[in-house]
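Chemist: Listed below, chain by chain, are the residues.
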Amino acid sequence: MMTQQEFIEILKSRGAVFAAPQPIGKTNIINVNLQKIRAATLPNFVIELYKICGGIKLGNGYIFGPSEFGKPGKHPVPNIFQLNNELTNLTKLRGKTVFGKNDLFWFTFDSFGNCTMLDNLGLNVLRKYDDPYRAMLDCLIGGKI
Amino acid sequence: MQLTQAAAEKRLNDLKISDLPIMSIQPKITPVDRDWYQKYCGICREFMRSLSDSVQELAMMNLDRDEFMNLLMGREIPDNLSIRFRIPLIWGGKLEVENLFMCFTFPQSQNIDRFIIEQSGNETIWLPNPVKKIYMPIHSTISGNGGNAVSDRLSQMAANIASNRRAP
Chain V
1 MMTQQEFIEI LKSRGAVFAA PQPIGKTNII NVNLQKIRAA TLPNFVIELY KICGGIKLGN
61 GYIFGPSEFG KPGKHPVPNI FQLNNELTNL TKLRGKTVFG KNDLFWFTFD SFGNCTMLDN
121 LGLNVLRKYD DPYRAMLDCL IGGKI
Chain C
1 MQLTQAAAEK RLNDLKISDL PIMSIQPKIT PVDRDWYQKY CGICREFMRS LSDSVQELAM
61 MNLDRDEFMN LLMGREIPDN LSIRFRIPLI WGGKLEVENL FMCFTFPQSQ NIDRFIIEQS
121 GNETIWLPNP VKKIYMPIHS TISGNGGNAV SDRLSQMAAN IASNRRAP
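From first to last, the protein sequence lines stand for chains V and C. For the first sequence, position 48 (counting from the first letter as 1) is numbered 48 according to our numbering, and the numbering increases by one without interruption. For the second sequence, position 34 (counting from the first letter as 1) is numbered 34 according to our numbering, and the numbering increases by one without interruption.
Warning: the hint list may mix true and false statements.
[Claimed, not checked] With the C-beta cut set under 8 Å, the calculated list includes, among others, these residues of chain C facing chain V:
hint	residue
1	Asn62
2	Ser82
3	Pro88
4	Phe101
5	Thr105
6	Ile117
[Claimed, not checked] Simulated crosslink set (DSS-like; lysine-lysine; CA at most 27 Å straight-line):
hint	chain 1	residue 1	chain 2	residue 2
7	C	Lys133	C	Lys28
8	V	Lys71	V	Lys128
9	C	Lys28	C	Lys39
10	V	Lys144	C	Lys10
11	V	Lys26	V	Lys71
12	V	Lys144	C	Lys133
13	C	Lys39	V	Lys12
14	C	Lys133	C	Lys39
15	V	Lys74	V	Lys51
16	V	Lys74	V	Lys12
17	V	Lys12	V	Lys71
18	V	Lys128	C	Lys28
19	V	Lys36	V	Lys12
20	V	Lys92	C	Lys28
21	C	Lys10	V	Lys71
22	C	Lys10	V	Lys92
23	V	Lys71	C	Lys16
24	V	Lys144	V	Lys128
25	C	Lys28	C	Lys94
26	V	Lys26	V	Lys36
27	C	Lys132	C	Lys16
28	C	Lys16	V	Lys92
29	V	Lys144	V	Lys51
30	V	Lys36	V	Lys128
31	C	Lys28	V	Lys74
32	C	Lys132	C	Lys28
33	V	Lys36	C	Lys16
34	C	Lys132	V	Lys74
35	V	Lys128	C	Lys39
36	C	Lys132	V	Lys144
37	C	Lys133	V	Lys74
38	C	Lys132	C	Lys10
39	C	Lys133	C	Lys10
40	V	Lys144	C	Lys94
Quick caveat, the hints were computed from the structure, so don't treat them as lab data. Every residue, glycine too, gets a C-beta built ideally from N, C-alpha and C.
Input sequences plus hints: build the corresponding full structure.
Modeler: Structure follows, in structure tokens:
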């Protein structure tokens, strides 16, 4: 299993962009809102990640944060609740929360914190992960064409 | 639920991409090569380099000079832009520049994902098929300084308009 520090080091070496961390209160609000739409609440690895950054971008790979982020003058990357709130009609996502995406795949966690890679055509499960940091890494590196 | 063309266009309207042309396909699962991802990366770079014929659209995308040059050199795709397949590989699409188009990631590409996913399992799937290599919604709300690409383009357009006005 990869540690959070190893994960961050790998991303830094590849030129990932980290959004500023947000107050813990934001994470709590996100959790309440995710519960309201019956999506999975944030597992520990995401809560720990949000303590050091409010989202990550590498090429076209994104890990959504508790707040919108992005460059001024560009459409912002939505926060994790905004993104999932628009997906409540997709039955294949019941009980899951999309935490990341790139141009080809979406990445979700369930209420136990188990991560999966889905295709962006029919949300079919392509891969299940034991290591959440490996899932986030695949999501981001897949965005670097 | 199978969508008619009218229903598909209505859904696109709900997703605020009503001006996006669509085509229908009967998806048949097609095996892809083991090295498809390497080829995909190469084709994406080739597609980026081919965009030198789409400067007019690029000029409206609020790219700074570095983003513009990196894109046309096939080095890096700018922030918030996505390259998409017209027909996905797994449904028989080819790994060719002609099978790709570019659009904003948020919200357009994200909404295109939703549009396709919502049709999952249907016999006929409606897919976006923009006329040009770059899809920009008519009512794009992106604005900003834009860098030299925009100012040069706008200067050129202004000069053209002025010369047309002077013509008898």
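Chemist: Now look at each hint and say whether the structure bears it out.
Modeler: Outcome of the hint check:
no., hint, result
1, Asn62, "holds, 6 Å"
2, Ser82, "holds, 5 Å"
3, Pro88, "holds, 6 Å"
4, Phe101, "violated, 12 Å"
5, Thr105, "holds, 6 Å"
6, Ile117, "holds, 6 Å"
7, C:Lys133 <-> C:Lys28, "holds, 25 Å"
8, V:Lys71 <-> V:Lys128, "violated, 32 Å"
9, C:Lys28 <-> C:Lys39, "holds, 21 Å"
10, V:Lys144 <-> C:Lys10, "violated, 34 Å"
11, V:Lys26 <-> V:Lys71, "holds, 21 Å"
12, V:Lys144 <-> C:Lys133, "holds, 21 Å"
13, C:Lys39 <-> V:Lys12, "holds, 26 Å"
14, C:Lys133 <-> C:Lys39, "holds, 19 Å"
15, V:Lys74 <-> V:Lys51, "holds, 25 Å"
16, V:Lys74 <-> V:Lys12, "holds, 23 Å"
17, V:Lys12 <-> V:Lys71, "holds, 18 Å"
18, V:Lys128 <-> C:Lys28, "holds, 25 Å"
19, V:Lys36 <-> V:Lys12, "violated, 35 Å"
20, V:Lys92 <-> C:Lys28, "holds, 21 Å"
21, C:Lys10 <-> V:Lys71, "violated, 32 Å"
22, C:Lys10 <-> V:Lys92, "holds, 23 Å"
23, V:Lys71 <-> C:Lys16, "holds, 23 Å"
24, V:Lys144 <-> V:Lys128, "holds, 21 Å"
25, C:Lys28 <-> C:Lys94, "holds, 13 Å"
26, V:Lys26 <-> V:Lys36, "holds, 15 Å"
27, C:Lys132 <-> C:Lys16, "holds, 19 Å"
28, C:Lys16 <-> V:Lys92, "holds, 23 Å"
29, V:Lys144 <-> V:Lys51, "holds, 25 Å"
30, V:Lys36 <-> V:Lys128, "holds, 26 Å"
31, C:Lys28 <-> V:Lys74, "violated, 37 Å"
32, C:Lys132 <-> C:Lys28, "holds, 26 Å"
33, V:Lys36 <-> C:Lys16, "holds, 26 Å"
34, C:Lys132 <-> V:Lys74, "holds, 22 Å"
35, V:Lys128 <-> C:Lys39, "holds, 25 Å"
36, C:Lys132 <-> V:Lys144, "holds, 24 Å"
37, C:Lys133 <-> V:Lys74, "holds, 20 Å"
38, C:Lys132 <-> C:Lys10, "holds, 22 Å"
39, C:Lys133 <-> C:Lys10, "holds, 24 Å"
40, V:Lys144 <-> C:Lys94, "holds, 21 Å"
Hint compliance for this structure: hints 4, 8, 10, 19, 21 and 31 are broken, all remaining hints hold.
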